[in-house]
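Construct the entire structure; sequences and hints are all you get.
2 protein chains.
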Amino acid sequence: MWQLYQFPLCPFSRKVRLLLGEKGVGYEPVRESPWLRRDEFLDLNPTGQVPVMVDDERGVTLIDSQVICEFFEETVNKAPMLNGTATDRAEIRRLAIWFDTNFYAEITAPLLHERMLKRIVYKQSPDGQALRNAMKAAVNHLDYIDYLLDHRTWLAGPTMSLADLAAAAQISIADYLGGIDWKSHEQAKGWYIRMKSRPSFRPLLSERMEGIPPPADYEKLDL
Amino acid sequence: MWQLYQFPLCPFSRKVRLLLGEKGVGYEPVRESPWLRRDEFLDLNPTGQVPVMVDDERGVTLIDSQVICEFFEETVNKAPMLNGTATDRAEIRRLAIWFDTNFYAEITAPLLHERMLKRIVYKQSPDGQALRNAMKAAVNHLDYIDYLLDHRTWLAGPTMSLADLAAAAQISIADYLGGIDWKSHEQAKGWYIRMKSRPSFRPLLSERMEGIPPPADYEKLDL
Chain A
1 MWQLYQFPLC PFSRKVRLLL GEKGVGYEPV RESPWLRRDE FLDLNPTGQV PVMVDDERGV
61 TLIDSQVICE FFEETVNKAP MLNGTATDRA EIRRLAIWFD TNFYAEITAP LLHERMLKRI
121 VYKQSPDGQA LRNAMKAAVN HLDYIDYLLD HRTWLAGPTM SLADLAAAAQ ISIADYLGGI
181 DWKSHEQAKG WYIRMKSRPS FRPLLSERME GIPPPADYEK LDL
Chain B
1 MWQLYQFPLC PFSRKVRLLL GEKGVGYEPV RESPWLRRDE FLDLNPTGQV PVMVDDERGV
61 TLIDSQVICE FFEETVNKAP MLNGTATDRA EIRRLAIWFD TNFYAEITAP LLHERMLKRI
121 VYKQSPDGQA LRNAMKAAVN HLDYIDYLLD HRTWLAGPTM SLADLAAAAQ ISIADYLGGI
181 DWKSHEQAKG WYIRMKSRPS FRPLLSERME GIPPPADYEK LDL
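Chains A and B supply the protein sequences, listed in that same order. The letter at position 115 of the first sequence is residue 115 when you use the UniProt record's numbering, and the numbering goes up by one with no holes. The letter at position 59 of the second sequence is residue 59 when you use the UniProt record's numbering, and the numbering goes up by one with no holes.
For the record, the hints were derived by calculation from the structure and aren't laboratory data. Hints are not guaranteed to be accurate.
Any copy, or any two copies together, can satisfy a pair, since identical chains are not distinguished.
With a straight-line Cα cutoff of 35 angstroms, these simulated DSBU-like cross-link-like pairs (lysine-lysine) come out [unchecked claim]: (1) K23 with K183; (2) K136 with K220; (3) K196 with K78; (4) K123 with K220; (5) K23 with K78; (6) K78 with K118; (7) K136 with K78; (8) K136 with K123; (9) K123 with K78; (10) K136 with K118; (11) K123 with K23; (12) K136 with K189.
What follows is the structure, encoded as structure tokens:
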């Protein structure tokens with residue numbers, strides 16, 4: 001049985017969990033708080049980051065969410081998430097990296113810092129300006145999603161792909177932390193409702209981070 | 001014919017060029033200075049980063065060095081750089097991402113900022129403390145390379161892989177900018193001499209960034 005080291009508000013672990021859910025791969029979640037820099041976890045992964053997946057029976061350790069997604073894409077045929085030609089796959093990977101990198105740096109990371117780490121690690125109040133900057137950046141990313149959906153059913157093309165999982169994972173954490181305003185983003189909202197309706201997504205939405213409640217409509221399908 | 005947007009000291013473009021060289025894929029380099037934020041280039045890639053590859057005839061644009069490497073790995077059989085089982089490939093990707101992310105953030109990026117951008121963009125002198133921090137971090141990474149080579153011929157296993165290309169690309173830029181001291185890193189040095197000897201590597205070593213000369217032994221095989 002695979003073990004998945006993660007914590008409830010890690011967007012990269014969520015991307016992996018969505019992929020495992022779509023592919024029907026079972027795993028046991030193991031709670032890891034990377035900010036504690038636990039020695040045993042650093043021995044497992046020198047970067048100290050989650051997600052990490054471990055299969056003790058086969059002696060396999062997978063580090064980094066991109067590495068994990070490529071591994072299961074290569075080894076499990078069900079629900080391919082890198083579909084199509086090499087060019088199609090390049091577009092899927094480009095968008096997944098875009099959300100993993102740019103959306104995370106501009107929105108998810110500052111929200112996690114202000115609303116989670118400051119509360120549970122630094123015992124400080126969030127910085128209002130940093131929160132406003134993140135919410136402003138989120139509007140630009142929702143505009144970009146609207147633009148992609150003008151031409152496509154899913155973010156990278158005609159089928160759901162790793163790009164949708166990466167984007168939905170980041171957005172779901174930003175939404176949990178109150179950083180998303182769907183106003184005048186009807187297309188992005190419609191796409192996100194489709195994502196939220198997936199059986200792979202429902203269990204993630206019911207999880208809570210202790211002491212940090214989500215907004216009232218966080219789990220709702222009717223935004 | 002592929003066009004590759006890059007500048008001589010971009011480590012990610014170097015990784016791509018090493019892979020294209022090993023695979024025998026021809027391309028025309030196009031000089032792009034991402035810090036100028038040229039409108040036409042931002043239209044091509046909204047992140048504003050190099051490398052980008054364009055094939056006008058086929059209407060294909062490839063963005064991001066990881067995306068580009070996966071694309072040519074999938075479409076060109078010669079000189080496979082993601083060799084072996086899914087687990088072997090996971091280890092190759094893990095290490096390539098390690099050098100792309102951690103080595104870059106701790107060493108290459110600060111060296112480029114202090115020794116290149118401050119000279120050609122900001123017209124400032126480099127900060128000695130930042131340079132010393134980068135050189136100290138480089139020692140830790142060379143230790144890690146020594147450790148990997150205790151058990152392996154190449155960084156990720158028995159054959160040269162994308163991990164070696166990613167590491168050598170970062171190290172070659174750090175070396176150009178005076179950030180690498182090979183003292184007491186015999187194994188890493190031996191591996192780097194092997195990398196430098198590759199026909200794919202030689203053309204990169206002869207390129208210069210205007211106004212920024214490399215150290216005297218930068219091109220030498222006898223370090």
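A quick look at each hint next to the structure:
For the homomeric pair K23 and K183, the shortest alpha-carbon distance inside one copy (33 angstroms) is at most 35 angstroms, but the shortest distance between copies (49 angstroms) is not. With identical chains, the CA atoms of K136 and K220 are at most 35 angstroms apart within one copy only, with a shortest distance of 23 angstroms there and 50 angstroms across copies. Proximity of K196 to K78 under the C-alpha cut-off of 35 angstroms is restricted to the intra-copy arrangement: shortest distance 20 angstroms within a copy versus 42 angstroms between copies. For the homomeric pair K123 and K220, the shortest alpha-carbon distance inside one copy (31 angstroms) is at most 35 angstroms, but the shortest distance between copies (53 angstroms) is not.
For the identical chains of this complex, K23 and K78 are neighbours both inside a copy (5 angstroms) and across copies (31 angstroms), given an alpha-carbon limit of 35 angstroms. Taking the shortest Cα distances, K78 and K118 never come within 35 angstroms of each other, neither inside one copy (40 angstroms) nor across copies (50 angstroms). With identical chains, the CA atoms of K136 and K78 are never at most 35 angstroms apart, being 38 angstroms at best within one copy and 46 angstroms at best between copies. Taking the shortest alpha-carbon separations for K136 and K123, both the intra-copy value of 25 angstroms and the inter-copy value of 32 angstroms come in at or below 35 angstroms.
For the identical chains of this complex, K123 and K78 are neighbours neither inside a copy (45 angstroms) nor across copies (55 angstroms), given an alpha-carbon limit of 35 angstroms. Taking the shortest Cα distances, K136 and K118 sit within 35 angstroms of each other both inside one copy (21 angstroms) and across copies (30 angstroms). Proximity of K123 and K23 under a CA criterion of 35 angstroms is satisfied in neither setting, with 40 angstroms inside one chain copy and 53 angstroms between copies. When the C-alpha separation of K136 and K189 is checked against a cutoff of 35 angstroms, the pair qualifies only within one copy, where the shortest distance is 17 angstroms, while the shortest distance between copies is 47 angstroms.
The structure shown violates the earlier hints numbered 6, 7, 9 and 11.
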